[in-house]
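Required output: the full structure, derived from the provided sequences and hints.
Chains as they are written, first to last, in the numbering used here: chain A, 304 to 1036; chain B, 12 to 359.
Hints may be right or wrong, so weigh each one.
[Said to hold, decoys possible] Partial selection, computed: residues in chain B whose CB lies under 8 Å from chain A:
1. Arg28
2. Val29
3. Lys32
4. Asn148
5. Gly149
6. Asn150
7. Leu260
[Claimed, not checked] Residues of chain A clear of chain B, computed beta-carbon distances all greater than 10 Å:
8. Asp349
9. Ala758
10. Lys759
11. Glu863
Keep in mind the hints are simulated off the structure, nothing from the lab.
Quick caveat: nothing in here was measured; it's all calculated off a predicted structure.
Just so you know, even glycine gets a beta-carbon here, dropped at the ideal spot from N, CA and C.
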Amino acid sequence: MREPRIMSDIQERTRPRAARTIEPPLLKTMRAYLARAEVVSFDVFDTLIVRAIAQPTDAFALVKLRLLTTDAALNSPHTIEAFPELRVQAELGARDAKERDGHPHREVTLAEIYDTFATLSGADAALIELLKQTELAVERDLVYANPVAKELFDLARAERKTVVLCSDMYLPSAEVMSLLRRCGYEGYDALYVSCEHACSKHAGTMFPYVAERHGVATGRVLHVGDNLYGDCMMAREAGCKAMYLPRPAAPDRARMPWNGEQPFYPDTVGAIVEGLSRKREHDPAHASADPWEQLGFRVFGPLFTGFLLWLAASVRERRPEKLLFLARDTHFIHQHLAAFLGVLPDELAAEYLYVSRGSLLMPSLTDFPLPRLDHLFSGKRKSSVRRHLRRLGLFPDLFVNVARSAGFVSLDELVPNGDPRMRTLLGKLHHELLRVAAKQRPLARRYLAQHIGGAKRVMMVDIGWVGNMQASMIRLLGAEHAGVEIAGHYVGVFRSAADNEYPGHTMDGWLTQRDDRPEIEQFLWWSGGVEILEFAMTAPHGTTLGYEEAPGGKVVPIIESSDTENAIGRFAARLQKGAADFVDDFISAYGSIPPEALNSRAWAGEFYRLVTDPTADEAALLGDLTHGDVAGDTSIRLSLAPAVADLDDEHDRERVAQYYWKAGFIVRNRLDDDDSFTEAAYLALYPEVREAVANGDFESGREHWLLHGQREKRVASWAAWMRSARKLLQTGK
Amino acid sequence: MTSEPLVGIVTRTKNRRVLLKRALESVLFQSYPHWRMVIVNDGGDRDDVDALVASYADVAGDRVRVLHNAQSLGMEGASKVGLAGLETDLLVLHDDDDSWAPEFLAVTIRELLQLQAKYPAVQGVTTYANLVTEQVNGNLVHTDSIEPFNSWVQPGFLSLDRMLASNFIPPISFLFTRMAFEDLGGVYEAIPYLGDWDFLIRFLTKYEVFMIPQYLAFYHWRSRSHTGVLGNSVTGEVGRHKFYRQMLLNQWLRADLAAGRFGIGAYANLRGHIEMFAHHINEAEAEPAAAAGPANDRAESAIAESPDASSDLAAVETRAAPADSAPAGDGVARALRRVKSALSLRRR
Chain A
304 MREPRIMSDI QERTRPRAAR TIEPPLLKTM RAYLARAEVV SFDVFDTLIV
354 RAIAQPTDAF ALVKLRLLTT DAALNSPHTI EAFPELRVQA ELGARDAKER
404 DGHPHREVTL AEIYDTFATL SGADAALIEL LKQTELAVER DLVYANPVAK
454 ELFDLARAER KTVVLCSDMY LPSAEVMSLL RRCGYEGYDA LYVSCEHACS
504 KHAGTMFPYV AERHGVATGR VLHVGDNLYG DCMMAREAGC KAMYLPRPAA
554 PDRARMPWNG EQPFYPDTVG AIVEGLSRKR EHDPAHASAD PWEQLGFRVF
604 GPLFTGFLLW LAASVRERRP EKLLFLARDT HFIHQHLAAF LGVLPDELAA
654 EYLYVSRGSL LMPSLTDFPL PRLDHLFSGK RKSSVRRHLR RLGLFPDLFV
704 NVARSAGFVS LDELVPNGDP RMRTLLGKLH HELLRVAAKQ RPLARRYLAQ
754 HIGGAKRVMM VDIGWVGNMQ ASMIRLLGAE HAGVEIAGHY VGVFRSAADN
804 EYPGHTMDGW LTQRDDRPEI EQFLWWSGGV EILEFAMTAP HGTTLGYEEA
854 PGGKVVPIIE SSDTENAIGR FAARLQKGAA DFVDDFISAY GSIPPEALNS
904 RAWAGEFYRL VTDPTADEAA LLGDLTHGDV AGDTSIRLSL APAVADLDDE
954 HDRERVAQYY WKAGFIVRNR LDDDDSFTEA AYLALYPEVR EAVANGDFES
1004 GREHWLLHGQ REKRVASWAA WMRSARKLLQ TGK
Chain B
12 MTSEPLVGIV TRTKNRRVLL KRALESVLFQ SYPHWRMVIV NDGGDRDDVD
62 ALVASYADVA GDRVRVLHNA QSLGMEGASK VGLAGLETDL LVLHDDDDSW
112 APEFLAVTIR ELLQLQAKYP AVQGVTTYAN LVTEQVNGNL VHTDSIEPFN
162 SWVQPGFLSL DRMLASNFIP PISFLFTRMA FEDLGGVYEA IPYLGDWDFL
212 IRFLTKYEVF MIPQYLAFYH WRSRSHTGVL GNSVTGEVGR HKFYRQMLLN
262 QWLRADLAAG RFGIGAYANL RGHIEMFAHH INEAEAEPAA AAGPANDRAE
312 SAIAESPDAS SDLAAVETRA APADSAPAGD GVARALRRVK SALSLRRR
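Rendered as structure tokens:
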């Protein structure tokens, strides 16, 4: 099967380049400095070892979150609630006290800080000890070795220099050494922690002290550090050589204040994402140049982490007996959820269910609800009447006259979604369809029963969006499953899911729930969000075609042979590798925090930004993807946001509405500067105009604009549409 | 009744430790000391509840007792178990997520005794409540907002007529006599929701309840849509409320029909129609844009577009939504809206 040319274009454009190594100029400088130094001194925090979080003080919020579900929070809620602020105050207070008591410096130990903390908060000794230990545990989880600094460290040791470490820090040296060991630093000659030696780099007193202790002039000391003042200026003032090794900048992160879903801490999610992004920037080996992996790490890593946290929190709260993951979209989620669940009291069985619209829709047709018949013939690919009927289990030619009476000219006519003639035709065939469904039902039902077993409280996970699969499963449950409650968990649940509600079962969406703002459904999900997310969650196996009985009596799914030749699948796999890297990094640094504490919609911030405000690179990367499976089908499929030549006139600009990913199309075709009138954009922006036109009050949006819109200063372009979308998702208005 | 009657407090709980703690403290902080509390642990973790109660043993003395149900009986069933165990003159159902001001018992009991001296039909009292919207994260509770819940209620005798429309008295604010409770046959525990509404209606058919104009009770709602243990039964399960409401309305109407009278059943069902009528009139006067949500509009534009237009999954899904998923579905309202929209758009 030949791949469409466009896929191989993407392949070519996104081939990973060689990973970059440590910058040669830096090493050269280091060698030059080393030649003239006898003692090499390294700053510890943020130079040799880095915490995977935005600012060191953000770590205090993590202490609070780690204790969120403990008895300490139950018994001392105010202390835990205000811990980050109290901790900062306590350190300041301890330093002030040092100065007031006549010491020549402001260096304090951790114990002194917590003494002040006790005074500020009234906390008893047991709580203080718990807080202290938790702070140390958080530091331990967060630290990693800076690969660049490590290479310089190794180089200094290889050149047989005296290697010392100097830190302005309140932690005791034993703790610092333990952290260093954790990060692989051994064999240094000495560690000087300011609180133990009553001198600091910041005050300029550390360098002469160290030089003296090692019997050299300060001019023979080379100091390496990330702080411009303490590590460079003060070192130079003391006469040492200084080498500036700043932390790499983390990429800009999207801010999502409208979500307001972080009631207890300001943007801790953002701080975590920044810290993990910086960690990846730090590591030359890790920071591959594969744009799919990069996108996966930056956008989908946080998104999937947020979804997994929400799921884990829900599992812990509801305590279901069974977890069902529906193929194919939840493949990634199924793989990673265990890492988020921690220890559960009971055995929780998790199963991956091979289902699809094709395999469940007909078997679950237990009744004949006219409003929902569309699901029987709608889909991502347009098919002919003949193919639809055959897929539904009928012999199409038997019904050629019925099809004609429904309004079709021939059985080979293509059927668009929502075609009323198809509805009429299916209505006429109600008995035939119900009988076919009844024949298909037993196998599908048995397959489901195998996986549900005797469980009564079942939690089901799928991507979204209106709960058709859940409704199908509920209808397939036989008498032996009376009393089963299925709690559907989705990335999003749209308002039209109301149709699929069923007493005794629930549907919950993480990012959007039916009572939420419809504008967000429109600007985000219906403008590319659904398609982009479905691409990102593509599984490395084919779709479920149906079920059959294997020898031995077990019912097994028939799976379409895996599309390893499938380019989209390969891109998705690379994207998911990046996302998996983020998830792994998250677990190693933050796995000890209960999921309830970090459960927040803010994890979707970058994803929202990608869909509504992509960069030109992102638009180009994702825009050529086509939505739907690539299974050798030649039927019409549209790209998410292709580049189109000559978009000069209005007729062409109307086409934005056709494509899945509006913002991507606008950016790619440089329409985001163009404010000329576009009918489709005008209607998309103003629902009241849309309704007026639908009711016949005006002939078209343009008429309204000419008569009233211009005067009212309404904007009517895709550029304006994008600005509205961005504003809505950033401010909630 | 003596001048210092004993109050029986029943609290049903299930795995809501942080909220139960608050409820327990709200009782322990009461200035009026003559009460007995029964905590019914309805199928939740035993050790947690025992440990929590034990930690207050010095303040509580022997006034707090815990009953453990191995299997969950639901709100009303568990309450019945608790109430049965109390031989007190007065009773109150204190939900585990609600709370009292420290003077609640002192004020309500004093007022009840005074009122009964003049009006023997008064067998219950209630106070205004404040609605507290909050979020629970782990073991920390964060209050979002607080506002009066039912300050529109006139001080004085509660209206049975108004109660038949819907319940406006949260159980946390309702103190009543055991005599009346037993006379009425207790709380209807066969339904897991709205038992308090049913109880109040039957109560008011025979006795008076007096509204004391002081804000002594706090009615707490979790604002995020938790449908797990921390959710309210009101915010999380609106569907179930409708379900049981219909059941009650049917039962009452049947009783009337069987007895050949115009009673509570006929009255309550008719009131529902009047409410719906008023609702439709309000909707017709609402903004046109709000009445038809984007969901249906998308569907309309999907039909209007040419057959070659791409298959928008969402358009398909929303087409399946019934046409009257918008709030006001009838023809009159829609016609009104159309006229309004034409007028308002042209006026600008």
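Exercise. Checked against the structure, which of the hints given earlier come out wrong?
Worked result: 7
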